[in-house]
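*Asks:* Hints are included, so try docking the two chains, each in its own frame, into the full complex.
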Amino acid sequence: MSQSSAPTPPGDRMSRGFGRVLIIVYGVFGVSATARASYQIVRDFGEAPVAFSLSAFAAVVYLVATVALARNARRVATAAVLVELVGVLVVGSLSLAAPDAFPRETVWSGFGRGYGLVPLVLPVVGLWWLWHTRPHPARS
Amino acid sequence: MIDGLVTALEAAGVIAAVLLGVEGARGKEPLWWHLGVVAVVELLLLVQAVISVVLLVQGDQIKGSAGVFVAYLIFTVLVLPVTVLWGLGEPSRWTLVALAVASLVVAVLVLRLDQIWAGV
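Here the protein sequences line up with chains A and B, keeping their order. Residue 478 in the numbering used here sits at position 104 of the first sequence, with consecutive numbering throughout. Residue 65 in the numbering used here sits at position 58 of the second sequence, with consecutive numbering throughout.
Here chain B stands alone, though its shape is the one from the complex (with noise of 0.2 Å):
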């Protein structure tokens, strides 16, 4: 994986976690800009999923196992349209709180990714 992209979705992830959170506790509804963050960080999963595949397909090799790690990707690229999706069949401050806790499950969830790649 390329590290880069990893740290990006890191932080992403911690900081739309923080942001929405923050917003959800404040009792705010979800508005455009809050599914905006989201969207920001579903497309730097997509491009590391992209980008992750492309490696593989060019022989680069998985030191964890290949199989959770394929899992963990398809897993990671669903989980916030889901909860999206989700959240909004009652749009409330809770939906941003799920939107704040998916978002850091993402950042976890990549931190694993990583670790599998790398082996550890």
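Okay, chain A solo, but in the shape it has when bound (with noise of 0.2 Å):
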């Protein structure tokens, strides 16, 4: 797809091209994120389940961010990111500054590096696309 060339309805443009590869991170993200944190809920729950539960929150977010991006669902989509960037951020400085409070590791723990720090860039990115193909309201 060259870019912005081609007329796209302006509704989908979240959906294509770069899109895609975003949608495929996202959706990659919450399926593995979702058998873990739903294995370690069903397995162990009671060694944290503070901890257990963020992972399966933060999964439950990615795969509705996953579905928003591919169904064009913007506010859902921004909404969605925005919790992920906030989840990181938080979780991530707590795990640093109090790691008593979170005994087993989650997706956000330490900003994601147990997963090579995507949860970090994850939502930086998606923000960027967000952005990148934000509806113009005057269309020239």
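Calculated directly from the structure, the hints in this document are not laboratory data. A virtual CB, placed ideally from N, CA and C, is assigned to each residue, including glycine. Be careful, since some hints might not be right.
Facing chain A, a subset of chain B residues (Cβ under 7 Å, in silico) [unchecked claim]: (1) ALA73; (2) VAL77; (3) ILE81; (4) THR90; (5) LEU92; (6) LEU95; (7) PRO98; (8) TRP101; (9) ALA114.
Footprint (simulated), chain B over chain A, 3 or more residues, beta carbon under 8 Å [said to hold, decoys possible]: (10) 394–404; (11) 407–419.
*Replies:* This is the structure we're talking about:
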């Protein structure tokens, strides 16, 4: 796709071009985080209820972001990506400041270092993409 | 797991990621040989999955958690086909970039699989 030369319906640019790459990454993340969190909750929830609940919450947010991006649901996608950004920043900071509160790793611990910092980078890229594909109020 | 096969998969995943990433960055559209590269990685993954299952059935023990291992195993086999189907919905340079990312994900997942198997 040549950048912005083809007339694309303004509503669905989000899921096109680079958006497809983003959706794959979000999808991979959502599915693996969900699998891991469900397993941890089923197996040993009692060990670290807060950490595992957080992991499950993060996993669901990734799945919501994936579906919202794929279906061009801009507001839902923006909300989900913002929640991720806040989540990774808050939990990342807390996990470094008070490691005792998180006896087991969550996706967001240490700003996602267990996942190659992808959890930190992903929402930033996501927000950039949402900004990049924003609808123009005044069509030129 | 079999060390040689794991090494081969790591190499194949990374090489595929670099090749497809460079092609995507150069603005190429998906060609048959691109899919061939993906197919080689997928074939190795299938062989690896079958061997892992056979080893398990024969009584090999996973030192990590078996549930996570099986979930990851299924996932590694599905990542590339799903990306191909999704990417070809709108064939473009981004299809190649998506496949490059997926190949890298496969390499990372195989590394994790090996770690879970060995109980790291």
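*Asks:* State for each hint whether it applies.
*Replies:* Here is what the structure says about each hint:
The restraint placing ALA73 (chain B) at the interface with chain A is violated, with a minimum CB-CB distance near 10 Å, outside the 7 Å limit. Annotation: VAL77 (chain B) was flagged as interfacial toward chain A, and the flag is violated, the nearest CB pair being 10 Å apart, outside 7 Å. Interface restraint check for ILE81 (chain B): the shortest CB-CB distance to chain A comes to about 9 Å, outside 7 Å, so the restraint is violated. Given the 7 Å rule on beta carbons, the hint for THR90 (chain B) holds: about 6 Å separates it from the nearest Cβ of chain A.
The closest approach between the C-beta of LEU92 (chain B) and any C-beta of chain A is roughly 11 Å, which is over the 7 Å cut-off, so the hint fails. Proximity of LEU95 (chain B) to chain A is violated relative to the hint, the smallest CB-CB distance being about 10 Å (cut-off 7 Å). Of the supplied interface hints, the one on PRO98 (chain B) is violated, with its beta-carbon coming no nearer than about 9 Å to a beta-carbon of chain A, more than 7 Å. At about 5 Å, the closest approach between the beta carbon of TRP101 (chain B) and any beta carbon in chain A falls short of 7 Å, and the interface hint on this residue holds.
A distance limit of 7 Å between C-beta atoms decides the matter here; for ALA114 (chain B) the minimum to chain A is near 12 Å, and the interface restraint is violated. Counting residues of the segment 394–404 of chain A whose CB lies closer than 8 Å to any CB of chain B gives 7, which reaches the minimum of 3, so the coverage claim holds. Given a C-beta distance limit of less than 8 Å, the hint that chain B covers the segment 407–419 of chain A holds, as 4 residues qualify and 3 suffice.
Hint compliance for this structure: hints 1, 2, 3, 5, 6, 7 and 9 are broken, all remaining hints hold.
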